[in-house]
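Chemist: Going down the list, the protein sequences come from chains A and B.
Residue 402 is where the first sequence starts when you use the working numbering, and the numbers rise one by one after that.
Residue 2 is where the second sequence starts when you use the working numbering, and the numbers rise one by one after that.
There's no promise every hint is true.
Distance condition first, Cα-Cα at most 25 Å in a straight line; then the derived DMTMM-like pairs of lysine to aspartate or glutamate [unchecked claim]:
id, chain 1, residue 1, chain 2, residue 2
1, B, Lys162, A, Glu403
2, B, Lys92, A, Glu495
3, A, Lys503, B, Asp144
4, B, Lys30, A, Glu476
5, B, Lys92, A, Glu403
6, B, Lys85, A, Glu403
7, B, Lys92, A, Glu497
8, B, Lys30, A, Glu497
9, B, Lys30, A, Glu495
10, B, Lys85, A, Glu497
11, B, Lys92, B, Asp50
12, A, Lys489, B, Asp144
13, B, Lys79, A, Glu497
14, B, Lys112, A, Glu495
15, A, Lys489, A, Glu476
16, B, Lys79, A, Glu403
Reference listing, derived: stretches of chain A covered by chain B, where coverage requires no fewer than 3 residues with Cβ under 8 Å from a Cβ of chain B [unchecked claim]:
id, stretch
17, 406-420
18, 433-439
19, 451-457
20, 471-479
21, 482-492
Facing chain A, a subset of chain B residues (Cβ under 7 Å, in silico) [what the hints assert, rightly or not]:
id, residue
22, Ala17
23, Ser19
24, Leu107
25, Ile140
26, Phe141
If you're looking for bench data, these hints aren't it; they were derived computationally from the structure.
Given the structure is predicted, the values throughout are model-derived calculations rather than measurements.
Ideal Cβ placement from N, Cα and C applies to all residues, glycine included.
What follows is the residue order along each chain.
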Amino acid sequence: MEIGLYHYLTLSVILFAIGMTGVLIRRSVLSMLLSIEILFNSINLAALAFNRFLYPATVTGHVFVIFIITIAAAEAAVALAIVMIVYKNFRSLEVEGLTSLKR
Amino acid sequence: MAHALMFYLFAALAIAASLAVILHRNIFKSATFLAGMLFCLAALFVLLDAEFIAVVQVLIYIGAITILIVFAIMLTTKINDEHKEQFNSQKFLAPILALGLLGLILTIVVKIQWTTAEISPVPSDILGLIGTALLSDFIFPFDVVSILLLVALIGATYIAKQEDRKPLVTEVDETGEHGDGKVKHALHAEEVEH
Numbered sequence: 402m403e404i405g406l407y408h409y410l411t412l413s414v415i416l417f418a419i420g421m422t423g424v425l426i427r428r429s430v431l432s433m434l435l436s437i438e439i440l441f442n443s444i445n446l447a448a449l450a451f452n453r454f455l456y457p458a459t460v461t462g463h464v465f466v467i468f469i470i471t472i473a474a475a476e477a478a479v480a481l482a483i484v485m486i487v488y489k490n491f492r493s494l495e496v497e498g499l500t501s502l503k504r
Numbered sequence: 002m003a004h005a006l007m008f009y010l011f012a013a014l015a016i017a018a019s020l021a022v023i024l025h026r027n028i029f030k031s032a033t034f035l036a037g038m039l040f041c042l043a044a045l046f047v048l049l050d051a052e053f054i055a056v057v058q059v060l061i062y063i064g065a066i067t068i069l070i071v072f073a074i075m076l077t078t079k080i081n082d083e084h085k086e087q088f089n090s091q092k093f094l095a096p097i098l099a100l101g102l103l104g105l106i107l108t109i110v111v112k113i114q115w116t117t118a119e120i121s122p123v124p125s126d127i128l129g130l131i132g133t134a135l136l137s138d139f140i141f142p143f144d145v146v147s148i149l150l151l152v153a154l155i156g157a158t159y160i161a162k163q164e165d166r167k168p169l170v171t172e173v174d175e176t177g178e179h180g181d182g183k184v185k186h187a188l189h190a191e192e193v194e195h
């Protein structure tokens with residue numbers, strides 16, 4: 402069977418579900434960040450598959466993916482700075498412990 | 002045929018690596034599996050005739066973002082963290098929810114008739130097309146992303162460099178439990194000292 406758009410979209414959706422599960426079930430902030438990277442990459446795969454199989458003469462999907470990667474880099478930098486501050490203040494990275502705003 | 006073989010190989014590797022990322026107890030190994038998963042996706046991008054994106058993926062994702070995360074892991078995680086409970090109370094509910102979402106989106110994907118009757122070849126100078134698109138059609142998003150990167154750089158530096166400030170909370174109970182009331186607030190104590 403020829404590998405087509407369906408195969409890539411299926412893989413993308415499976416990766417998205419795995420990443421979403423990871424964001425929901427992990428307790429550590431860093432593990433959630435890793436899962437968010439999985440989410441970003443499943444979206445990249447879907448964008449490139451659409452670009453390749455539906456509009457191969459254009460590069461709109463490529464440009465979208467470049468923007469997503471750039472924003473993922475910015476997000477990682479800011480998130481890791483926040484992680485450092487959280488760890489310095491709380492000595493822990495578990496999201497259940499970060500409840501200062503509740504009081 | 003070779004295309005199908007490569008697709009199934011890297012797809013299986015990507016799914017296995019991402020499952021290892023979310024399930025492994027050692028977060029450092031999770032980050033290593035994330036690098037492997039990103040590499041599998043770069044290979045899939047090559048199969049999709051997006052070689053430039055594949056190179057960008059290896060350079061920026063594996064070379065920069067994963068290394069950044071590994072630095073953060075080394076700076077923050079203790080050795081015995083992997084013996085703690087890694088998953089929260091949603092660990093049985095969340096996979097069900099994710100499977101439901103998976104089934105929903107897959108139903109939509111399969112039902113839609115995408116017009117992929119004939120697959121035309123990609124243009125030869127795809128890199129030139131990307132450059133032209135970035136500086137003509139996408140010039141405004143390009144500028145916005147540039148400003149966003151600058152702001153993120155300054156913001157990350159500002160947030161991470163807070164050595165001269167007093168920490169909000171100084172002491173945490175050493176038992177590893179982080180329930181309510183075990184995190185002491187030191188704000189008032191510091192104010193009293195002053």
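Chemist: With reference to the structure, classify each hint as holding or not holding.
Modeler: So, going through the hints one by one against the coordinates:
For a cut-off of 25 Å, the pair hint linking Lys162 (chain B) to Glu403 (chain A) is broken: about 53 Å separates their Cα positions. Distance restraint check for Lys92 (chain B) and Glu495 (chain A): the Cα-Cα separation of roughly 15 Å lies within the 25 Å cut-off, and the hinted pair is therefore satisfied. Of the supplied pair hints, the one linking Lys503 (chain A) and Asp144 (chain B) is violated, its CA atoms being roughly 38 Å apart against a limit of 25 Å. For a cut-off of 25 Å, the pair hint linking Lys30 (chain B) to Glu476 (chain A) stands: about 22 Å separates their Cα positions.
Taking the CA atoms of Lys92 (chain B) and Glu403 (chain A), the gap is near 37 Å; set against the 25 Å cutoff, the hint is violated. Restraint check for Lys85 (chain B) and Glu403 (chain A): not satisfied, since their Cα atoms lie roughly 46 Å apart, outside the 25 Å limit. Restraint check: the Cα-Cα separation between Lys92 (chain B) and Glu497 (chain A) comes to about 14 Å, which is no more than 25 Å; the hinted pair holds. Under the criterion of a C-alpha separation no larger than 25 Å, the hint pairing Lys30 (chain B) with Glu497 (chain A) is consistent with the structure, at around 23 Å.
Under the criterion of a C-alpha separation no larger than 25 Å, the hint pairing Lys30 (chain B) with Glu495 (chain A) is consistent with the structure, at around 18 Å. In summary, the hint linking Lys85 (chain B) to Glu497 (chain A) is supported, as the alpha carbons are separated by about 13 Å, within the 25 Å threshold. Annotation: proposed proximity of Lys92 (chain B) to Asp50 (chain B) is violated, straight-line Cα distance about 38 Å (limit 25 Å). Our distance criterion of 25 Å between C-alpha atoms is broken by Lys489 (chain A) and Asp144 (chain B), whose separation comes to about 35 Å.
Taken as a hint, the Lys79 (chain B) and Glu497 (chain A) pair is honoured in the structure, with Cα atoms around 18 Å apart against an allowance of 25 Å. Of the pairs offered as hints, the one joining Lys112 (chain B) and Glu495 (chain A) is violated, with about 41 Å between alpha carbons and a cut-off of 25 Å exceeded. Restraint check: the Cα-Cα separation between Lys489 (chain A) and Glu476 (chain A) comes to about 20 Å, which is no more than 25 Å; the hinted pair holds. Straight-line distance between C-alpha atoms of Lys79 (chain B) and Glu403 (chain A) comes to about 48 Å, which puts the hinted pair past the 25 Å bound.
For the stretch 406-420 of chain A, the stated coverage by chain B is satisfied: 14 residues place a CB nearer than 8 Å to a CB of that chain, which reaches the threshold of 3. A count of 5 residues in the stretch 433-439 of chain A with a Cβ less than 8 Å from any Cβ of chain B is obtained; the coverage claim is therefore met, three being the minimum. Residues of the stretch 451-457 of chain A with a Cβ under 8 Å from some Cβ of chain B number 5, which satisfies the need for three, so the listed coverage holds. Beta-carbon proximity to chain B at under 8 Å applies to 9 residues in the stretch 471-479 of chain A; the threshold of 3 is reached and the given coverage holds.
With a threshold of 8 Å between beta carbons, the proposed coverage of the stretch 482-492 of chain A by chain B holds, since 10 of its residues qualify and at least three are required. Annotation: interface hint on Ala17 (chain B) violated; nearest CB of chain A at approximately 10 Å, more than 7 Å. Hint status for Ser19 (chain B): holds, given a least beta-carbon distance of 5 Å to chain A, under 7 Å. At its closest, the beta carbon of Leu107 (chain B) sits 6 Å from a beta carbon of chain A; the interface hint therefore holds under the 7 Å criterion.
Residue-level restraint check for Ile140 (chain B) is violated (minimum Cβ-Cβ distance to chain A is 11 Å; threshold 7 Å). Restraint check, Phe141 (chain B) versus chain A: the minimum CB separation of about 12 Å is more than 7 Å; hint violated.
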